[in-house]
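Using the working numbering, you'd call the opening residue of the sequence shown number 1 and step up by one each time.
If you are wondering where the hints come from, they were derived from the structure by calculation, not from laboratory data. Since we're looking at a predicted model, the values are computed, not measured. Take these hints with a grain of salt, some might be off.
Below, in silico cross-link-like pairs of lysine-lysine (BS3-like), each with a Cα-Cα straight-line distance of 25 angstroms or less [stated by the list, open to error]:
(1) Lys-293 <-> Lys-330
(2) Lys-495 <-> Lys-339
(3) Lys-537 <-> Lys-518
(4) Lys-76 <-> Lys-41
(5) Lys-292 <-> Lys-339
(6) Lys-293 <-> Lys-368
(7) Lys-339 <-> Lys-248
(8) Lys-330 <-> Lys-41
(9) Lys-177 <-> Lys-308
(10) Lys-292 <-> Lys-330
(11) Lys-534 <-> Lys-516
(12) Lys-537 <-> Lys-525
Ranges between beta-carbon positions, derived for each pair [stated by the list, open to error]:
(13) Lys-115 <-> Lys-495: 21 to 31 angstroms
(14) Gln-510 <-> Glu-107: 16 to 26 angstroms
(15) Cys-112 <-> Asp-214: 47 to 57 angstroms
(16) Trp-523 <-> Pro-437: 55 to 65 angstroms
In this text, a Cβ means the ideal position worked out from N, Cα and C, and glycines have one as well.
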Amino acid sequence: MDQADVWPSKKSEEMDSDRVCIWPRMEPFLLGALQVAPSSKLSLHYLRKMATYVRTRDGCFPSLTWLMWRHIACGKLQLAEDLAWLYFETFDLFTGHSPGERLEWAECLSQCSSKSELDQHRNERSVDTLQFLLFLHIQQLNRVSLRKSLIGEEWPSHCTRSPSPSEREAKTSSQNKNWDDQAHLSFVQSHLAELLELLVEPNQLSESGRVPRDCQISLEAVRSLGLLLEGWEHPCRPVQPVHRLLSKGPLQMHAGYSALSHSFILHQLISCLQHNLALNPFGITSCLRSGKKLAWAQQMEGAMKRAKIARNTHMAPAGSKMVLMSQVCKQTLAKTSDKMTGANIKIHRCADSFIYLLSPLRSVSVDKCRDCTVVLGPVETSVHVNCCQNVRVVCVAGRLVVGASSRCTFHAMTPTRPLLLPGNTDITLGPFHTFYPSLEDHMASVGLAVVPNVWDQPLLLGTDPVKPSTNPDPACYRLLPPEEFHMLVVPFHMKGDTCEVPGGFATRYQAAIEDKQKRIQRWQKTVMEAQLNKEQKCKFQEMVEAKFHDWLMETGHRQELDSLIPLPESSLQVSIGALVNETTVNETTANDTCIKTGGAVGHSPMAC
1 MDQADVWPSK KSEEMDSDRV CIWPRMEPFL LGALQVAPSS KLSLHYLRKM ATYVRTRDGC
61 FPSLTWLMWR HIACGKLQLA EDLAWLYFET FDLFTGHSPG ERLEWAECLS QCSSKSELDQ
121 HRNERSVDTL QFLLFLHIQQ LNRVSLRKSL IGEEWPSHCT RSPSPSEREA KTSSQNKNWD
181 DQAHLSFVQS HLAELLELLV EPNQLSESGR VPRDCQISLE AVRSLGLLLE GWEHPCRPVQ
241 PVHRLLSKGP LQMHAGYSAL SHSFILHQLI SCLQHNLALN PFGITSCLRS GKKLAWAQQM
301 EGAMKRAKIA RNTHMAPAGS KMVLMSQVCK QTLAKTSDKM TGANIKIHRC ADSFIYLLSP
361 LRSVSVDKCR DCTVVLGPVE TSVHVNCCQN VRVVCVAGRL VVGASSRCTF HAMTPTRPLL
421 LPGNTDITLG PFHTFYPSLE DHMASVGLAV VPNVWDQPLL LGTDPVKPST NPDPACYRLL
481 PPEEFHMLVV PFHMKGDTCE VPGGFATRYQ AAIEDKQKRI QRWQKTVMEA QLNKEQKCKF
541 QEMVEAKFHD WLMETGHRQE LDSLIPLPES SLQVSIGALV NETTVNETTA NDTCIKTGGA
601 VGHSPMAC
């Protein structure tokens, strides 16, 4: 698609300022489209058959039960049951459920003691049939195009203008199509007729199964299109679902809507939508171009000069709020604020940094980062990590998705199986191992509970999406051995009642913690029984401190301390008892010490 179609000139913008504007919603593409090539069984050919089938079977329309979807997916489309549930669960995850409903569902699942009981509870779940059909079709967003894989993007032409800086930045910040609002617009424009065909009732089809140009489509069917499209009559007016814009006001006649039959003429509806489709005004391109920039509490030269954080949370409607963080390097960034609540977060190309986002979030994407630690508040939908190296992510999330990443560690609490996409190597999965005072309140606000917690049951989605594998692949992932398990301490003072890790730990990890505590107690007893005099204590403290400083430098934790609060070399003093407590017994437990040392100050050096 020509860039000129997406970015009108200033003059044309002024001429069209009063035109009704309709755009693709961000969340279905961001949260719903799996970042893997879809199965050929989800092509339009099979979805057309499914659209006809569901309208003629009990339990399929207007709501599709899990039992019937499993029958269609496994019996008709020959998909594996795990993959069928993955699609069903993904759709259910990002569509509207209140926190209370999610907690009730979690309680039901936690009481299941067998697969038959689990299947019985799953059979009680249902989704909107027509919206689910649209959801299955947008899986084609990440379909691999042979032509584009050979020649790249569209052929250049004399009429293609050079992209603006904000467009180039948006392209860089959204290499995967799930974040790329221009890709969303292009997809809808290219597939609009196909999407609407799936909503046409079977009795409107010709004998050959074709969709006549002048057939009608009901208002109720168009209502389901609100999953993908929304808009406004004017920028000063509220955002509305697409069916309201099409059935009232200036678009009613152009869309071929009849108030008597409550239906649209298909070809007029397609023409009307194509004419009024535009780029999402709350998408990543707009956020980078005109979003509110966030100032740093400490502005530094060099590493921080290129860092950017922008947000649209001050003006975007629910579901479109986003915060973009790019190129944060060698820094500690901490944030807990209502400005973050319910936002979709993108952390892009960050390196050698520690990032704490301790608010209830809608979704988080960590893309092309290296050597970072990311600690998150509860994430309602998904945490997606893509193309990262040596990154540690600590999260409570509706789902964890990892793709094309290496040497990454994930400490997660999640009610759904972690999804490992193709291209991963040396992935470590461990239990959630930290807390902050308001964690449990934040979890309740997004409907996440401590059970079920299946962080250790990943689903491997290979290059053949029809047959996901659950067999462990040594080259892909491992479960964290208990002897390598250590607690993480959030180094900031906050208000709240949570004083321990919600849900505790599995027996093997709890035993590892208790064993370390016993070793510490034995060491403390040995030091006390040594009965060192004052001179010996001073000498011993110097030796331990020197060893501790060497460890900080070797592991990179010195940078973490320095970024929490700038301290002179001589001020980083820890008592003999603290050093013996945390470092000498097992060097890796000093990680807890360095975090606590920074936490004593009680504030973030980079609040935004």
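Which of the listed hints are not met by the structure? When the structure is compared with the hints, numbers 7, 8, 11, 13 and 16 turn out to be violated.
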